[in-house]
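A.B. asks: Quick mapping for you: the protein sequence lines, in order, are chains F and Z.
Residues in the first sequence are numbered consecutively from 774, following our numbering.
Residues in the second sequence are numbered consecutively from 612, following our numbering.
Take the hints with a grain of salt, since some may be wrong.
Here are the computed lysine-lysine pairs in the BS3-like style, where the Cα-Cα straight-line distance is at most 25 Å [unchecked claim]: (1) F:K840 - F:K825; (2) F:K817 - F:K782; (3) F:K814 - F:K795; (4) F:K809 - F:K792; (5) F:K814 - Z:K689; (6) Z:K723 - F:K814; (7) F:K814 - F:K844; (8) Z:K666 - Z:K689; (9) F:K844 - F:K813; (10) Z:K723 - F:K813; (11) F:K813 - Z:K689; (12) F:K782 - F:K840; (13) F:K809 - F:K795; (14) F:K809 - F:K844; (15) Z:K684 - F:K817; (16) F:K814 - Z:K684; (17) F:K844 - F:K795; (18) F:K840 - F:K809.
Distance ranges between label pairs, derived from CB positions [what the hints assert, rightly or not]: (19) F:T832 - Z:T638: 18 to 26 Å; (20) Z:S623 - F:P842: 43 to 51 Å; (21) F:N790 - Z:S685: 39 to 47 Å; (22) F:G789 - Z:T638: 38 to 46 Å; (23) Z:S639 - F:D791: 35 to 43 Å; (24) Z:N673 - F:T832: 32 to 40 Å; (25) Z:T631 - F:S853: 39 to 47 Å; (26) F:Q787 - Z:F675: 26 to 34 Å; (27) F:N790 - Z:T721: 34 to 42 Å; (28) Z:F675 - F:V884: 36 to 44 Å.
According to the in silico footprint, chain Z covers these stretches of chain F (three or more CB under 8 Å from chain Z) [as the list claims (entries may be wrong)]: (29) 818-830; (30) 868-874.
These are calculated hints, taken from the structure and not from any lab test.
Ideal placement from N, C-alpha and C gives every residue a C-beta, glycine not left out.
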Amino acid sequence: DTAVSQTPKYLVTQMGNDKSIKCEQNLGHDTMYWYKQDSKKFLKIMFSYNNKELIINETVPNRFSPKSPDKAHLNLHINSLELGDSAVYFCATSSIETEAFFGQGTRLTVV
Amino acid sequence: AQTVTQSQPEMSVQEAETVTLSCTYDTSESDYYLFWYKQPPSRQMILVIRQEAYKQQNATENRFSVNFQKAAKSFSLKISDSQLGDAAMYFCAYRSANNDMRFGAGTRLTVKP
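Next up, chain Z with everything else stripped away, as it sits in the complex:
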C-alpha cells in the first residue's frame, strides 16, 4: 500500500505570516489524487485543497496553495496570511485510482497572535 509521510509533527507560525507544511508519498501509480485536510479541535475533517496527479498546475484555494512535485513525490501546503482560525491538525492524504485512501501522521499547526 502507498505510504504518506509528514515529517513535521508540529509547526508554529506568527499570525499574518506564511507557513509551509511538508508531505511526501510513495507510489508506483501514475494516476492518483492528493489532498490536504484540516482537523480543528471539534475533530471534524475539513477538506482544504485537492490536487489531481495528471494536472501540472498547482491547486490554489484562497490563502492555501500547494507545491506539487510529481517526480519528487512531494505535495507541500502553503498557508499565506495565517489566521488564528488556521490552528489545527493538518493531514496529507493520498488516494489511488481504486479509491484506497491513506493519510500521513499529521502536523499540528499553532498560530501565534
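Chain F extracted, bound-state conformation:
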C-alpha cells in the first residue's frame, strides 16, 4: 500500500495541451507539496498546502494550478504546456514531526 502515490508515472504530450498530475497520500499528513526537478536535478518547491490551504506559491506561472479537494489529495493542473515544463514533478507530504515522504515522481515530456 503506497504511502504517497502519483499518477501518471510518465506523461508525454504536445505543446499547448492541458494536463493533470494526481497525488494521493494515506499517511494522514497535514502538509502536501509539489516540487519540480529539472534536468540538472535541482529540486524547486512550487506549492505547499496545509490542511487544504495554500501556504506557499513559489513564483510559478499562472498556467500551473494546484487543487486540493481534501487533505489526502493534491493535484497539479498545467495549462498550455511549454517545452520548458519538461521535468520530473514530485509530490511529497509531511507532518510537523516527520520527514517528507515522496511520491515516485512524474516525468513530464513536452514535445
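Chain F is already provided as a structure; the job is to place chain Z on it using the hints.
C.D. replies: Then chain Z, alone, in the frame of chain F:
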C-alpha cells in the same frame, strides 16, 4: 525564504572509504529540521538521516552520521565504509517550523570499486 547550499556538485570515494558531503543553510529561525535525502537513478527520494535543530547530539544511522554545527549553520553528512550502493545524488534539505521545505542543489556521489 531559507536557502540551502551544497558546494560540492560531485564527489568521489573509494569503496570502503569515508566521504563527507557538505551543506550550509541560511536562516533566522531557531526551530527547524534538517535532512539528507538520497536519490538513486530510480529517482526515488529516500531519507538518509534527519536532525532536529533543538537536539545538540549529532544524528547517526548505521554508516551515516552528521556533523551539525548550529551556530555555523552547517550540516555535513559522513558516509563510512562506502558501498557501491551508496552511489546516488544526495540532497540536503531544510524544513522550517511552518513546514516550508527547501533543498540544496545536490551532490552526485560516485563510489569506485
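A.B. asks: Tell me the hint numbers this structure goes against, listed in increasing order.
C.D. replies: 7, 9, 26
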